[in-house]
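**Student:** Kindly generate the complete structure, drawing on both the sequences and the hints.
The listed protein sequences correspond, in order, to chains A and B.
Under my numbering, the first residue of the first sequence is numbered 631, with each subsequent residue one higher.
Under my numbering, the first residue of the second sequence is numbered 631, with each subsequent residue one higher.
Simulated from the structure, these hints should not be mistaken for laboratory data.
Quick caveat, the model's predicted, so the values are computed rather than measured.
None of the hints are false.
Which copy? The list can't say, so a pair holds if one copy fits it or any two copies do.
Taking lysine-lysine pairs in the DSS-like style, the calculated list, with each CA pair at most 27 Å apart, reads:
| no. | residue 1 | residue 2 |
| --- | --- | --- |
| 1 | K649 | K685 |
| 2 | K649 | K632 |
| 3 | K649 | K670 |
| 4 | K670 | K634 |
| 5 | K634 | K685 |
| 6 | K670 | K632 |
| 7 | K685 | K670 |
| 8 | K670 | K640 |
| 9 | K640 | K685 |
| 10 | K649 | K634 |
2 protein chains.
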Amino acid sequence: MKAKVHVTLKRGVLDPQGKAIAHALHTLGFDQVADARQGKVIELEIRESDAVAAKAAVEAMCTALLANTVIEDYAIELVDARG
Amino acid sequence: MKAKVHVTLKRGVLDPQGKAIAHALHTLGFDQVADARQGKVIELEIRESDAVAAKAAVEAMCTALLANTVIEDYAIELVDARG
Numbered sequence: 631m632k633a634k635v636h637v638t639l640k641r642g643v644l645d646p647q648g649k650a651i652a653h654a655l656h657t658l659g660f661d662q663v664a665d666a667r668q669g670k671v672i673e674l675e676i677r678e679s680d681a682v683a684a685k686a687a688v689e690a691m692c693t694a695l696l697a698n699t700v701i702e703d704y705a706i707e708l709v710d711a712r713g
Numbered sequence: 631m632k633a634k635v636h637v638t639l640k641r642g643v644l645d646p647q648g649k650a651i652a653h654a655l656h657t658l659g660f661d662q663v664a665d666a667r668q669g670k671v672i673e674l675e676i677r678e679s680d681a682v683a684a685k686a687a688v689e690a691m692c693t694a695l696l697a698n699t700v701i702e703d704y705a706i707e708l709v710d711a712r713g
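**Tutor:** In structure tokens form, the structure reads like this:
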């Protein structure tokens, strides 16, 4: 089973990388960009066919390693490879 | 209008960051992880109400700055803030 974990900075947390992207886009002439924020996606291939167990495992991975829950939010999306 | 740009490494391109994540998860006891790959998401706030124009602008931003199309794929997802 595949799982996608979306990790984004919480609202209100300063995002210097996003600011750099917005600035670079303005420099390139894309003046319509009001704001940019950058997050990350981690695609996991998991040896687990049960969706509930897979989600619980990915949830544990998020709090243990993948996301810093003080400043980041995460969302888990399961993609059944057999689907 | 909001746009999300998903940038992922093309299949076959070595992903050291993903390998590091998979290794760290194994070290933490998550042996069910077969593979991990990391990509990024850029969330843009765009001053443009026309979806077609917004998509064209974001497409131009992707090729100009956001993605390295030699080694990366990108996908654009428009989210109408008024929706």
